[in-house]
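A.B. asks: Protein chains in written order, with our numbering: chain Z, 1 to 559; chain E, 1 to 334.
No lab work stands behind these hints, which were simulated from the structure alone. Some hints could be false.
Residues from chain E that keep clear of chain Z, each with C-beta distances beyond 12 Å, as calculated [said to hold, decoys possible]:
#1 56
#2 113
#3 290
With beta-carbon atoms standing in for the labels, derived distance ranges [what the hints assert, rightly or not]:
#4 Z/415 / E/82: 31 to 41 Å
#5 E/26 / Z/290: 28 to 38 Å
#6 E/26 / Z/375: 43 to 53 Å
#7 E/106 / Z/387: 26 to 36 Å
#8 E/84 / Z/296: 56 to 66 Å
#9 Z/290 / E/80: 39 to 49 Å
Taking lysine-lysine pairs in the DSS-like style, the calculated list, with each CA pair at most 27 Å apart, reads [stated by the list, open to error]:
#10 Z/142 / Z/106
#11 Z/287 / Z/499
#12 Z/408 / Z/322
#13 Z/189 / E/40
#14 Z/396 / Z/290
#15 E/133 / Z/142
#16 Z/159 / Z/139
#17 Z/494 / Z/142
#18 Z/396 / Z/322
#19 Z/458 / E/40
#20 Z/193 / E/40
#21 Z/287 / Z/408
#22 Z/139 / E/40
#23 E/40 / Z/287
#24 E/40 / Z/290
#25 Z/353 / Z/322
#26 E/40 / E/133
Where a beta carbon is used, it is the ideal one built from N, C-alpha and C, also for glycine.
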Amino acid sequence: MNRTLKAAAAAAAIALTLAGCTSPSKSPTATGSPAGTSTAIKESTLRVWAGSTTPITIDFNPFHVDTALYGTYGQLYEPLFFFNQLSSDPPVPMLGESYTYSADGKTITLKLKSGVKWNDGQPFTADDVVFTMGYGPNKTDKLISAKATDDTTVVLTYKTAQFTNESQLLGATMMVPKHIWSKIDNYMKETNKEPVSTGAYVVKTTSDASYTLSANPNYRAPVPITNVQFLGIDSNQSGQDLLTTGQIDWTGMFIANPDEVTASGAIGTMNQQQDPTTIVTCSDASKGCKGDQTDVAVRQAINVAIDRSQLAEKAWVNLVGKANPAFVLLPRDAQWLSDQSLAESPQTADAAKAGQILETAGYTKDAKGFYGKNGKAISLDLFSPDGWTDYNDAAKLIAEQAGKAGIKITPRTVSEAEYWTPVTNGDFQLAMYGLTQSIVADPFSNYDQYFNGLSTAKVGDGPTRGQNYSRYSNATVDAAIEAAGATNDQATKKAAYAKIQAQIAVDLPYIPVVLNASQAFFNVKNFTGWPSDDNLYADPLPYLSVAPAIVLLNLRPAQ
Amino acid sequence: MKFYLRRIAFYIITVWAAVSLNFVLPRMMPGDPAAIMIGKLRRASGGRQLSEEVIRSIYALLGADKNMSLWDQYLAYWGRLLQGDLGLSSTRYPYPVVELIANALPWTLFMVGTATVISFVLGIVGGAWVGWKRGTWLDQLVPATSLLQSIPYFWLALVLVAVFAVQLGWLPIVGAYDPFDFPSGPEWSWEFVASALQHAFLPALTIVISSVGGWLLGMRNMMVSTMSEDYVLTAEAKGLKPSRIRDRYAARNASIPSLAGFSIALAFVVAGSIVTEQVFSYPGIGKLMIQSVQGLDYTLMQGVFLVITLTVLAANFLMDLLYGLIDPRVRNDL
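This is chain E alone, in the form it adopts within the complex:
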């Protein structure tokens, strides 16, 4: 019990630090959002003088209150945060940041999440198999997948689009679903799910191709070293079936380090895959992040970073708890 309490206390402090950092960072950056927004409006209106009224209303909505002390601002920030208010985006003004993130998150979880899981499963199963059959032609799979991983991702994605989407026309070029068939947006129907799957296929494929090599290599090497362990020899001596030794003895133990890596990978799913989402116009978190940075949209940036930080922490927390459960040594040593 003491272990869990300690972990929980540790995470509470970490969350507090992360959220506070998120408060401080935009305030250290040059320029305030209201001034940036007014500058943009000024250019967009072709140099026409902005009326006092416009300037006042923008300051009221986006500007930091100059009469408030930093401490009061900090308290107000926590107050808003606990109510789920992350402010208004300036690039997509006057849309609330929470709404933008809530719309983008499911797509990222769906596409990048599925791709990460597929890549992991393929890598682990393939790695176990290649490791089991070490010394055969299957070993060639390791350099082959590593080669795929080393291809610049951007280039790989563009080539796949050019071949499968543009020339052969098998798969859609952009988006998360077909805007021509579903002009009013997502709906709950089989046709829509089919369209979403079809649209996720190519971006997910590029993620799998470029990440499976790492899992495969790690798993294969762990498999080889596990198989020289004494307990595997014992199992063989007992006359167990080779498939049982492979699955229950070697692969199970060899996959533990990969599992730890997987939890981190899953946490980073939330950050999206910036390049994938950009190339395929996929409406996820990664794209929000890149847009917010390009447009100096501090509130959106803050919101996206907060969500990413909190998910990474949550994933780590869960993994910590699970580790404690799986491995009693962790609980006692700490």
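With the rest of the complex left out, here is chain Z:
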């Protein structure tokens, strides 16, 4: 069905993923303010399809992480800093000016920009930050106190070290005005049709087919693109048609033959490979998982039996990147890779090695050529959501490839609704599954979200924190994650990551397949200043949080 939807769901997740990073006390200047252009800005409209479907229901509530419209995060509401997931550069100031962490990581001192106004004319002050940090879903019992020491300084004190929450607290918490939200009693029921925010845009018009944001006259810098119209479109084919006929200027979706779209020269494209696509296994029998995949030898055998280069070519027309078993994003996170042999998962099939692994573990081949133990052949079920054609194709190919190595896998598709429930509850053997890459140049959130024993639950329950659906639980890994989260020292952290990587690359609760492709398409004829491979100042995917707002401020209408 609609691949963009899937990407969009992941996008919201990216924006809110916990992550760790070094804390710069001084940050570079904001991007996006045109250098000394004093001439009046020409009216221009940029049309975006970020993935909204019709009918559009107007909702600019930043606490509706699932249903808020695109543009809410970044264009309307702003966080304190922008964390660019494409680079390891320090965060860029937005509402914040700078921040410092105390040595133990429990106290954060924030310096805010002065003179910023909400779009209703009221000044943005430290009180608003204090209010936001303790409001609604931002509330946490880890926060001891939030104090405004003066109009532009906030001191946050926590019970535990917050190094790894940096991008969450400073890059994904949207600042809301105290004078509005303190009067709203049920923020979950609010649709916030006239948002009072600080961002570069304000809401101009809305309808069930589209909504338009226009430049905020009170914004602290010139806004070069005066109108941004977000459209609701229901199929990728329609999106592609509107793009090629020049009716939309910016979109992010999977197009198998991008050359066809870019041939005219009016449309530019960028393909980022970030999020790992994996085979998630219900790996831990002690947590209640059932099936042959609970034996680590079976997972290891599948890992070498699959032909990733063939998968990339046949299921993803070679648009995807190479995955690695250390779950770091290369080259961005190269400094965190402990062992060069983990830089890439095997790209070709090695049936002999798979057989060897299984035979060492006591499996034998039966008359039909399938491995088994105690007279029972290995038989695994691999499912993916119907209509996610890349996953469906990949699952079929994986089953074929594993079959050649003597491992019986049966691929199956289920409806999207029937996909999430078993994955969440652990009622599965193997499933095609996408992980969300850490938003900052540090793999911490990958490990904490997906491999931490604290992030999982017994089969039958869903995890309350994290998304460790593999039910993986390893004391060494858990201890290393805790150690990494409590420190800001590079060497200590790297040592902890080395322990984690050594364990998960052997245990393989998630068998890495490829790095998913995220394609952005944009009109280079009418607008200039898009991110490029040489200048990755922000991710050009319009469905992400915050990054699109940075891109918009860097664009110029073509002369």
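Chain Z is already provided as a structure; the job is to place chain E on it using the hints.
C.D. replies: This is chain E only, laid out in the frame that chain Z set:
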């Protein structure tokens, strides 16, 4: 009079049964809407722990009250229904289902309704004509239109879009009106009506192309058999004008079975044309239905099904009454 009373009583019971079924079905499905919504929020927030407050407020708004007996829930359901309250959608949270349906229904009635009427009129007039001229080259129209009907609809729609909207650029690709000219939505102006008509043309055309064959075939065959009736022969013997025989004698009687089919077709207009609305991003009921099923949005599903059921019943009721009026035999026999 007794006939009408009986029919009315029958329909009251049917409506009660349909509405009650609509109450029971979602409760037989696995999972409750609040749990599904919390699961979705959990994924959307990247695994961040949801605060107790969020969970409580979702249960308060979407969850079934566990302290209420099924009977009390049933009474409350009727109470809400009679006030026109169908609950809140979970995929388009916190929008009320009634609002979503009210916005989608006019578009579906306009586009699918017009297309159904055009298709019917074309089929009946064409069928009468082909039947009248039976044995001539016109008979070729029957297999030709049937062939069009047998083309997979999805493919037909995509081809028409690729040719007329993308390559030639004559017609718009998606939507019910031009969002670029009318960024603030529908308004009462000639320009807007023109835009809406232009946008409805291609989707309506695909519906007509793929359904006219059925009407044409049925009408043509009825026409041929009616024309061998004695009263047509009598009319010819009386020396009536052929056009009068064709229109007043043959076509009029031949169209009765098609009319019955038409009432059912009209009732199903409300269900929208799921594939058409999906291909053309047309904001109708069919698309709401597909979205609600994909997103496991039980309240929206319930609302859409209720509206469809009630319209089908209403259309049948009207047809029953009309039949009683047209054909006295129906009234007496029952």
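A.B. asks: Among all the numbered hints in the text so far, which are the ones the structure does not match?
C.D. replies: 1, 3, 15 and 26
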